[in-house]
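Between the sequences and the hints, there should be enough to build the whole structure, so can you do that?
For the record, the sequence lines run as chains D and G.
With the first letter of the first sequence counted as 1, position 120 gets the number 120 in this note's numbering; the numbers rise by one all the way through.
Positions in the second sequence are counted from 1; adding 286 to them yields this note's numbering.
There is no bait here: all hints are sound.
For lysine-lysine, the following BS3-like pairs were computed, each having C-alpha atoms within a straight-line distance of at most 25 Å:
no.: 1; chain 1: G; residue 1: K473; chain 2: D; residue 2: K128
no.: 2; chain 1: D; residue 1: K128; chain 2: D; residue 2: K171
no.: 3; chain 1: D; residue 1: K167; chain 2: D; residue 2: K128
no.: 4; chain 1: G; residue 1: K456; chain 2: G; residue 2: K473
no.: 5; chain 1: G; residue 1: K456; chain 2: D; residue 2: K128
no.: 6; chain 1: D; residue 1: K167; chain 2: D; residue 2: K214
Read the hints as simulated data drawn from the structure, not as lab findings.
Bear in mind that the values here come from a model prediction, so they are computed numbers and not experimental data.
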Amino acid sequence: MEDIKAHRSPLALQRTVAERTIGHVQAESRTTRLQIANFSFYYGAFEALRDISMEIRDRQITAIIGPSGCGKSTLLRSINRMHDDTPGARGKGMIAIDGTNIYAHDADPIMLRRRIGMVFQRPNPFAKSIFDNVAYGLRVLGWRDRNAIAERVEQSLRKAAIWDEVKDRLKSSALGLSGGQQQRVCIARAIAPQPEIVLMDEPCSALDPIATLKVEDAMLELRRDYTVVIVTHNMEQAGRVSDDTAFMLMDSQTRAGLLVEFGATGNIFTNPKDQRTEDYISGRFG
Amino acid sequence: MISQASNYRRRAIVDQIMRGMAILATIVALIPLFLIIGYVIVRGGSSFSIAFFTEAYRAPIALGDDIRSPGGVLHGIVGTILITGLATLIAMPVGIMAGIFLAEYPSNSVAMTVRFCTDVLSAAPSIIVGVVAYTLIVRTTGAFAGYIGSIALAVLMIPIITRTTEEILKLVPQTVREASMALGAPKWWRTLTVVLPAALGAIVTGVMLAFARAAGETAPLILTVLGNNNLSYNLMAPIAALPLLTYRYTEQPFPVLNDLAWGTALVLTLMVLLVNISVRVATRNRLR
Numbered sequence: 001m002e003d004i005k006a007h008r009s010p011l012a013l014q015r016t017v018a019e020r021t022i023g024h025v026q027a028e029s030r031t032t033r034l035q036i037a038n039f040s041f042y043y044g045a046f047e048a049l050r051d052i053s054m055e056i057r058d059r060q061i062t063a064i065i066g067p068s069g070c071g072k073s074t075l076l077r078s079i080n081r082m083h084d085d086t087p088g089a090r091g092k093g094m095i096a097i098d099g100t101n102i103y104a105h106d107a108d109p110i111m112l113r114r115r116i117g118m119v120f121q122r123p124n125p126f127a128k129s130i131f132d133n134v135a136y137g138l139r140v141l142g143w144r145d146r147n148a149i150a151e152r153v154e155q156s157l158r159k160a161a162i163w164d165e166v167k168d169r170l171k172s173s174a175l176g177l178s179g180g181q182q183q184r185v186c187i188a189r190a191i192a193p194q195p196e197i198v199l200m201d202e203p204c205s206a207l208d209p210i211a212t213l214k215v216e217d218a219m220l221e222l223r224r225d226y227t228v229v230i231v232t233h234n235m236e237q238a239g240r241v242s243d244d245t246a247f248m249l250m251d252s253q254t255r256a257g258l259l260v261e262f263g264a265t266g267n268i269f270t271n272p273k274d275q276r277t278e279d280y281i282s283g284r285f286g
Numbered sequence: 287m288i289s290q291a292s293n294y295r296r297r298a299i300v301d302q303i304m305r306g307m308a309i310l311a312t313i314v315a316l317i318p319l320f321l322i323i324g325y326v327i328v329r330g331g332s333s334f335s336i337a338f339f340t341e342a343y344r345a346p347i348a349l350g351d352d353i354r355s356p357g358g359v360l361h362g363i364v365g366t367i368l369i370t371g372l373a374t375l376i377a378m379p380v381g382i383m384a385g386i387f388l389a390e391y392p393s394n395s396v397a398m399t400v401r402f403c404t405d406v407l408s409a410a411p412s413i414i415v416g417v418v419a420y421t422l423i424v425r426t427t428g429a430f431a432g433y434i435g436s437i438a439l440a441v442l443m444i445p446i447i448t449r450t451t452e453e454i455l456k457l458v459p460q461t462v463r464e465a466s467m468a469l470g471a472p473k474w475w476r477t478l479t480v481v482l483p484a485a486l487g488a489i490v491t492g493v494m495l496a497f498a499r500a501a502g503e504t505a506p507l508i509l510t511v512l513g514n515n516n517l518s519y520n521l522m523a524p525i526a527a528l529p530l531l532t533y534r535y536t537e538q539p540f541p542v543l544n545d546l547a548w549g550t551a552l553v554l555t556l557m558v559l560l561v562n563i564s565v566r567v568a569t570r571n572r573l574r
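Structure representation (structure tokens):
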């Protein structure tokens, strides 16, 4: 018990210290990694996100929660410019990694995506072997050394808490794995190039409870090295894994996504400042 | 309650009638197919012999009232494989690349135009393609030749391969493309390493079906390769082909040559059937 307490106390301390809302100057140990400032997003004339501002801290898990259609995924996908190929989609305002605006004119989306890993709602392994799936990002980066690739693949699979289940069948197709295993292989694939930030778009929504717990274990493992942003429908999950939480809602008139409240997860869940957050968290909201 | 029961009985009767009509329609649709295959097998099979597969054309010999043909159709088999093979070599890269273009850049104006032209081309009667090839190439070069037939057949194959490739690539899930995109892969790399491999089996199927379709085309060949009574491997000169032999031998006054026409028809049918079946066997495991 003593050990566990000693292990957990810095984290608990950090959570209480790290209370922040928009506009407040934070006072905590982790620096800001990703800054979103007055960011709006449009699909043609439709405003999908309005004036979002938040600061995502280094090597912390930030959860984005909110009802369906509130723009959670749009915000997440804006962080690595996944909308670039969608006709009429454009962002306004700033999203900056370490102070560099990724929506600047000279920003290269391909180089950006190499710094950011992404895990999707449904497991989407390539129709390749487990090994080749995880090695894909490395080969994109031009890695040729077989030993180095093999080493990184193993390391990534271990981090994603899937190594023991697949180490004997790395050459078999990733499509033959169960949904939960596929998702963890996808996590390993996303982190293999050692991105700085990992984005997860409802990574557990297609998984059963046991697989969900395994993926959550993997997330906590990732937290040591990576800044993680996760979109989730599951509030218990946000409570279990995240350090900070952003609560979003859809504006009832214009249907634009708004950021209602952002702060340390403990505060959002136990002491929300906004009535709408409280209603949603306590289940009184539709 | 009574009206409910009668309503149920009425629905059951209508169900029976509709099912009967569907089965009847299926049988009607299958009758010509079996009739054709059966008739070709019966008439063509009887003309099969060793010489049929190992000899080229030889003039019929009359022994009294008995007119015999000692020759075979080897020249036609060789010609068809060469002509259609070259046509596939031309059509495959063009068709697959056009299909990739249509699938990966679907909504620009060039793609719209290409898609429209492809649809028009795939509906064009093959004789028109033959006439154009005749006018543009045979008349210009002043000679009939096998390769001109290949070009004409390739023109017929390209729209099939293009549209098959496009349709198959569209079936590759968007999420898989996104996964590659999110890993920082450029679009060409994504297409080459993720999209194409996932669709490869189906693309090969499309190519083979186009091959089977082209192997049976007659009209464009009449105007381009002309035909040849001797065994020839030279695509730069007139060459024989199975559909041409079927057409020419059917016109002949000698019943022995008419029999050879049935034989070539059967060989052609078997070739197409073989291609179809082997494609299905080869790609069966990929269709999950």
